[in-house]
Amino acid sequence: MKEITIELKSHFLRLYQMAFSDDNFDTLELQMLYKFAEERGVSKEELEKILLQPSHNTSIPEKFEEKIEYLYDLAIMIWADNIVTEDEINTLKKYCLKFGFLKENIVELANFLLEKAKEKISKVDLIKQINQL
Amino acid sequence: MNSLKNIFALKKEVPVEHIDKKEEDFKKEKFTFFESGYGSSKASSGNPVVYKACLNDVYMDYKGKCRDNINLQNELKKPYKEEKGKVEIELKKRNTVTSIIEESIHNEEKKIIEYRNDIVEVKNIPEKFGLDIDKKPKAQFYLGLIVLIPITFYLLVFYISASYSAFFKNFESDELSAAIFDGKALTKAIGDGWLEAVFVATIPFAFMGLGYLVHMFQKHKSWTSILKIGMLFLVTFVFDAILAYQIEMKIYNIEKTPDSPEFDLSIAFSSVEFWGIIFAGFVVYIIWGLVFDFIMKEYDNLDKIKSFIRTRKEDIKNSELNIDELTSKLNPIKEEISGLEGKISDLQRTIDGFIFSDKQYLTYHAEYVKGWYSSITDHLPLKRADDVLAKCVEVEKQHLADHSIDDNNSEGILYKLIN
Numbered sequence: 001m002k003e004i005t006i007e008l009k010s011h012f013l014r015l016y017q018m019a020f021s022d023d024n025f026d027t028l029e030l031q032m033l034y035k036f037a038e039e040r041g042v043s044k045e046e047l048e049k050i051l052l053q054p055s056h057n058t059s060i061p062e063k064f065e066e067k068i069e070y071l072y073d074l075a076i077m078i079w080a081d082n083i084v085t086e087d088e089i090n091t092l093k094k095y096c097l098k099f100g101f102l103k104e105n106i107v108e109l110a111n112f113l114l115e116k117a118k119e120k121i122s123k124v125d126l127i128k129q130i131n132q133l
Numbered sequence: 001m002n003s004l005k006n007i008f009a010l011k012k013e014v015p016v017e018h019i020d021k022k023e024e025d026f027k028k029e030k031f032t033f034f035e036s037g038y039g040s041s042k043a044s045s046g047n048p049v050v051y052k053a054c055l056n057d058v059y060m061d062y063k064g065k066c067r068d069n070i071n072l073q074n075e076l077k078k079p080y081k082e083e084k085g086k087v088e089i090e091l092k093k094r095n096t097v098t099s100i101i102e103e104s105i106h107n108e109e110k111k112i113i114e115y116r117n118d119i120v121e122v123k124n125i126p127e128k129f130g131l132d133i134d135k136k137p138k139a140q141f142y143l144g145l146i147v148l149i150p151i152t153f154y155l156l157v158f159y160i161s162a163s164y165s166a167f168f169k170n171f172e173s174d175e176l177s178a179a180i181f182d183g184k185a186l187t188k189a190i191g192d193g194w195l196e197a198v199f200v201a202t203i204p205f206a207f208m209g210l211g212y213l214v215h216m217f218q219k220h221k222s223w224t225s226i227l228k229i230g231m232l233f234l235v236t237f238v239f240d241a242i243l244a245y246q247i248e249m250k251i252y253n254i255e256k257t258p259d260s261p262e263f264d265l266s267i268a269f270s271s272v273e274f275w276g277i278i279f280a281g282f283v284v285y286i287i288w289g290l291v292f293d294f295i296m297k298e299y300d301n302l303d304k305i306k307s308f309i310r311t312r313k314e315d316i317k318n319s320e321l322n323i324d325e326l327t328s329k330l331n332p333i334k335e336e337i338s339g340l341e342g343k344i345s346d347l348q349r350t351i352d353g354f355i356f357s358d359k360q361y362l363t364y365h366a367e368y369v370k371g372w373y374s375s376i377t378d379h380l381p382l383k384r385a386d387d388v389l390a391k392c393v394e395v396e397k398q399h400l401a402d403h404s405i406d407d408n409n410s411e412g413i414l415y416k417l418i419n
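Top line first, the protein sequences correspond to chains C and L. At the far end of the first sequence sits residue 133, using the numbering used here, and the numbering has no gaps. At the far end of the second sequence sits residue 419, using the numbering used here, and the numbering has no gaps.
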């Protein structure tokens, strides 16, 4: 199993926090996300703290590169245990939608990110590849 | 390539249309109120009683208009809707925690049931829990013990007697018939002296110690253990043989004739008594060792089940503690949830009701009052006008107080939907 870096973990916590800032995620999905994080080494305490503290206005990254970085981190997180579940893909799709990508492209975008995460391409290379398209 | 690039397209932000009420419309409305006040005042010569009725009429009329003005209501309700959204997110978060905690409690409860079943099952199907043991260790242990105790007594008696015969007995004065087994061996040894008594009384324990060592070495199945066990058996056999040899030699020396050859190993080996002593001692000693080993194993098995049950009981206790801890976490969250639900329904009632904008009303009210007062000063003689104005000011003050709009800090009056 791939080790989850502190940077990746904090990114995930931000994503997790973001999930609570709108109506897009229902209770069951949040619960799923919780388990998903816990299984990957994000501590229960950290997650519970986020759940029980009042929501702050979590902003969605504005820059295109930042959006891709966030989503790519999530894709890496999904591959951490070498198993990709339907729930995890749905979560990634939700974030893609939340980050302002077009609904009709969501499936393709999620697949693209997961594919690149599987190939273990670095974030810098990924951004380069996208910009060269 | 182009289609791949398209997947990164972002939604275009739709500019929010801001509907501003035209300044002109607002001015026109204000002027209408002024005119209305002026006209009514002129018609009633500024009568304070009529003024009071007119103010009420204006208030009720504005209130109705305010309620029917969807755009205005939407604007006034916006902060309440935003607040409701925030509270709903908090509620959703707490519901998530609750369901997570409840699931954890459910899992712990399931574990407790499983542990309890394990405690019952382990006695019947120990192999299911990785315990490689007999199914009835308790019965086998007690049966083994029933056999071991008499054999232990036998060994005590035999070795006390045999060692006394071999080391201290004087065959010239004693009967030959009691050469191998002497029922009074211990009494005689005590009679000979306490050292002799201690010697014969403790020698059986040396044999039992050897049997215990055999059991201990058997636990570790290695070549060195087998070698050690072999050595122990050999030592015991040799010791037994020495005892038998000595006894046999003493008997032989008493019975020998001048022609008899000197007692040696070949004579000993051909003697029935020699082998009798060895079998009565060594073979029984081996049986004792085997039975001892067997009951120790059964005891271990009993212990394995007991320790398994003990572990499961501890697991149950831990799970119960976890449930307590989770439940104590759950209660304050549930309280918070009911508080948030109350807040949401309160906000919803505000949203379903309507908001009376007193600030806006006061603007129009001021215009109406201005019109009323202007008409008084325009059409009544000065002295009378002053008198009427003073009364009208009082009426106006009372009107504002009656409708609780005399407070400048008020942002609006909420008319909530009553269920």
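Don't take every hint at face value.
Quick look at which bits of chain C chain L covers, simulated, 3 or more residues with Cβ under 8 Å [unchecked claim]: (1) 30-44; (2) 48-54; (3) 90-102; (4) 108-118.
Sample of chain L residues with no beta-carbon within 12 Å of chain C, all distances over it, derived [as the list claims (entries may be wrong)]: (5) 6; (6) 96; (7) 97; (8) 101; (9) 220; (10) 223; (11) 259; (12) 262; (13) 272; (14) 386.
I should point out that these hints are in silico values taken from the structure, not numbers from a laboratory. Beta carbons are placed, not taken as given, at the ideal position from N, Cα and C, and that holds for glycine.
Next on the checklist: Run through the hints listed earlier and report the numbers of any the structure violates, in increasing order.
Outcome noted: 5, 6, 7, 8
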